[in-house]
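S.K.: As a plain string of letters, each chain reads:
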Amino acid sequence: MSESPEGVIYLDHAATTPTRPEVVEAMAPFMNDRFGNPSGSHVVARSAVNAMDEAREVIAGIIGAEPGDVIFTSGGTEADNHAITGGLPSRSGVPICSAVEHHAVLDVVEALGGRTVAVDSQCRVSIDSLKAALDETGEETSIVSVMLANNEVGTINDLGPIADLVAEYSPQERRIPLHTDAVQAAAWLDLRAAASRADLISVSAHKLGGPKGIGALVVRKGTPIRPMILGGGQERGRRSGTPSVAAIVGFATALRMVDSERDLVTERVIGLRRRFIDGLSESIDEIVATIDDARTVPGTCHVCFEGADSESLLLLFESAGLVASAGSSCSSGASEPSHVLSAMSVADKLRDGAIRFSIGHGTTEDDIERAVDLIPGAVSRARAFFS
Amino acid sequence: MRVLAALSGGVDSSVMAALLLDEGHEVVGATMKLWGGESDSGCCSVSDVEDARRSAAQLGIDHHVFNFSDEFDEYVVNPYVASYANGRTPNPCIECNRRLKFDVLLRRADMLGFDAVATGHHARVHVMADGSKRIARGHDSKKDQSYVLYPVTSSDLERVLLPIGEMTKDRVRSMAAELGLRTAPKPDSQDVCFITKSDGREAFLAARTELHQARVVDSDGVVVGAVDAIEMVTIGQRRGLNLAGGSEPRFVTDVDVSTSTVTIGTRRDLMTDVLVLDQIVWAAEAVTGQVMVQCSAHGTAEAALITDAAGPSDGSVTLRWMEPHRRVAPGQSVVMYQLVGGRELGEPPAATEVVVGGGIAR
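Residue numbers (the working numbering), protein chains in the order written: chain A, 234 to 620; chain B, 30 to 391.
Bound-form chain A, shown alone:
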């Protein structure tokens, strides 16, 4: 069995990306001699809390927020749930989000009886549709949530016009908060600029080289928030539970590396993606890049192979030594139809054969060349068996 498959070309970095060795190293002391509970007051506790304070400053700085704005969470999903509900009891009013949000936002909005906003064929939020939704819900709007970068196709939303519109519809005494799920964006974009207009920002560590099980919800001053998880009152009473100090330190270490390498990595990954798309287009007919690559985060390359189905493609890619994904997976591990592609009105014949290849910081030119070599054979076999 393939416990840790060697030699597999990993093009699923948007699902998760390897934990960086520096991160593992930075985390180790907090699972050894610096094991203290940061809520305590003695010397062992202080050793842990100091590291956590420092990590919080680093993360806040890179996101463009104040340290006090950062609430550590168990990951992106908790941050999204916390942002949309606003805590316990949940915010009154009607939440609005885009139709292509991750289920961590979408399902909460639906559970609260909220509304969704249409996107165009490139997965950008339609300003007209947002306006129509705001016209309808008006001052009843509890929150607006638009993801910064989509997890399936990679499209980046410009939050500026969205924030302007939300401000326009806010009643005088209360700003309607704007939330952005920046889970996919944080590995690539400078959130100081890209998320500057958001009042609440969700981030997850494992998408950017940190450990799983840690993330943050940034809540800017003046934005109301109640705790969603109650208990010992950690995180200034906004999120109870003993913080995972090691994970928080790992998160900060990973984000600092992403920030310092951003320009170089972005340029390199854009080059790899160009080569990948060009290589596939040369040898495969009827292949469509779903999104114009100028509109996406550098790592995501969403492609539709006409006349094939995603599940067969992924199985054949895997037998040939490459792993990618078809967007979202359900808890059983089976591929599910994509609500994102439906919202973009992608034609059925394209949607059937949709694959998300996602390149990461560690992807090499050799990976891309090997991928370009093996994909055409798998595609023609999947097409031969497609009915």
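Just so you know, these hints were derived from the structure itself, not from any lab.
Just so we're clear, the structure is a prediction, and the values are computed from it rather than from any experiment.
A portion of the hints provided could be inaccurate.
Claimed, not checked - Residues of chain A clear of chain B, computed beta-carbon distances all greater than 12 Å:
(1) Pro-251
(2) Ser-272
(3) Gly-294
(4) Gly-346
(5) Lys-454
(6) Ile-517
(7) Asp-542
(8) Ser-543
(9) Arg-614
What the hints assert, rightly or not - Partner residues are not named here, just some residues of chain A that face chain B (Cβ under 8 Å, in silico):
(10) Thr-249
(11) Phe-268
(12) Asp-391
(13) Leu-548
(14) Ser-552
Ideal Cβ placement from N, Cα and C applies to all residues, glycine included.
We have chain A already, so just place chain B on it with the hints.
M.R.: For chain B alone, kept in the frame of chain A given last:
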């Protein structure tokens, strides 16, 4: 051989994978996700997928999940609803075998370069004197599943393995326990996997098709009662007809959706000499003469004679029962067996009952 082992998450299929490994095959497990809705006994709930995955990991084999839920809706669930809506009594497990396990899954296995697909059914593959293969009854007669496998033809069997058919259920369980598989104590799956016990078949059908009231008449056409949903009534049914007490038990002898009429009669009225089958699937060539005929998954086989010259697959066949037989509900699968000579490797010569064909009761 490279074998794709269909793992349902149950004890039979996990032991099947272990047997294949013992025989030296290269084995990869796959679980079909078939049903997206509510399920309690089903073979595709998340917990069953987890059991399958865990068994695969315990055996050290790789495991995939194939999402065939669209195909399951199209080939199994929708026809199931349509069949009841037409007053017929479908057998969805057989349709699942016909369309999913031994068609869609076989093609998937071909695509991925596997030599064979194996399942955990209690049935055997019998090699005939001419080398061709037939489905034979499982070694554990109480668990025999050859009936639900009749759509698997002799040519399909060239790439199908049924290792569990040689074992008793008790042996399967004890082997699972010896191997430490978590599926060892799992109860056998029962009933239709996409129908929950709490809601039942009527609620399932009511959510997908309109159910109609009907009058109940006796064999003289006199109205003797009414039912709320004619779609829920099956030929041979005795209970649930809301009839006033009578001296003799009465059974449904006819269901006519077009006139919303359920006819009842005595046990004698239910009996018939003839059974016509449509959509015939022959295991290999058409057979004639006497066959043993089984009309339900756990029923006993009764003797009948094929009276017309047996036609090709997809055609019809008329059977004449040797003894009068209860009418079989239209839509039910009926499987024909014959005794054949032959010899299992290392066993004394013995007659074996094999599936020669099957069809749908008219």
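S.K.: Have a go at the Phe-268 of chain A hint: is there a Cβ in chain B nearer than 8 Å to its own Cβ?
M.R.: violated, 32 Å
S.K.: The hint names Asp-391 of chain A as touching chain B; please verify it with the least Cβ-Cβ distance against 8 Å.
M.R.: For Asp-391 of chain A, the interface hint is violated, since the closest Cβ of chain B sits about 35 Å away, which is over 8 Å.
S.K.: So Arg-614 of chain A supposedly isn't at the interface. Is its beta-carbon more than 12 Å from every beta-carbon in chain B?
M.R.: Given that some Cβ of chain B is not farther than 12 Å from that of Arg-614 of chain A, nearest at about 6 Å, it is violated.
S.K.: Beyond 12 Å from chain B, beta-carbon-wise, is Ser-272 of chain A?
M.R.: At roughly 36 Å from the nearest Cβ of chain B, Ser-272 of chain A sits farther out than 12 Å, so the non-interface label holds.
S.K.: Is the nearest Cβ of chain B still more than 12 Å from the Cβ of Gly-346 of chain A?
M.R.: holds, 23 Å
S.K.: The output says Pro-251 of chain A does not contact chain B. Does that hold with a beta carbon cutoff of 12 Å?
M.R.: The assertion about Pro-251 of chain A holds, with a minimum of 21 Å to chain B.
S.K.: Per the stated criterion, does the least C-beta distance between Ile-517 of chain A and chain B lie above 12 Å, as a non-interface residue requires?
M.R.: Holds, since 18 Å exceeds 12 Å.
S.K.: Let's test the interface hint: is any C-beta of chain B closer than 8 Å to that of Ser-552 of chain A?
M.R.: holds, 6 Å
S.K.: Please check whether Thr-249 of chain A passes as an interface residue: C-beta within 8 Å of a C-beta belonging to chain B.
M.R.: Constraint on Thr-249 of chain A not satisfied, violated at 19 Å.
S.K.: Checking hints one by one. Is Leu-548 of chain A an interface residue toward chain B, by the C-beta closer than 8 Å rule?
M.R.: Hint holds; Leu-548 of chain A Cβ to chain B Cβ min 6 Å, cut 8 Å.
S.K.: Against chain B, does Lys-454 of chain A keep a CB gap of more than 12 Å to every residue?
M.R.: The claim holds: Lys-454 of chain A sits with its nearest Cβ about 42 Å from chain B, beyond 12 Å.
S.K.: Using Cβ atoms and 12 Å as the threshold, tell me whether Ser-543 of chain A really stays out of contact range of chain B.
M.R.: violated, 9 Å
Checked against the numbered hints above, the structure breaks hints 7, 8, 9, 10, 11 and 12 and satisfies the rest.
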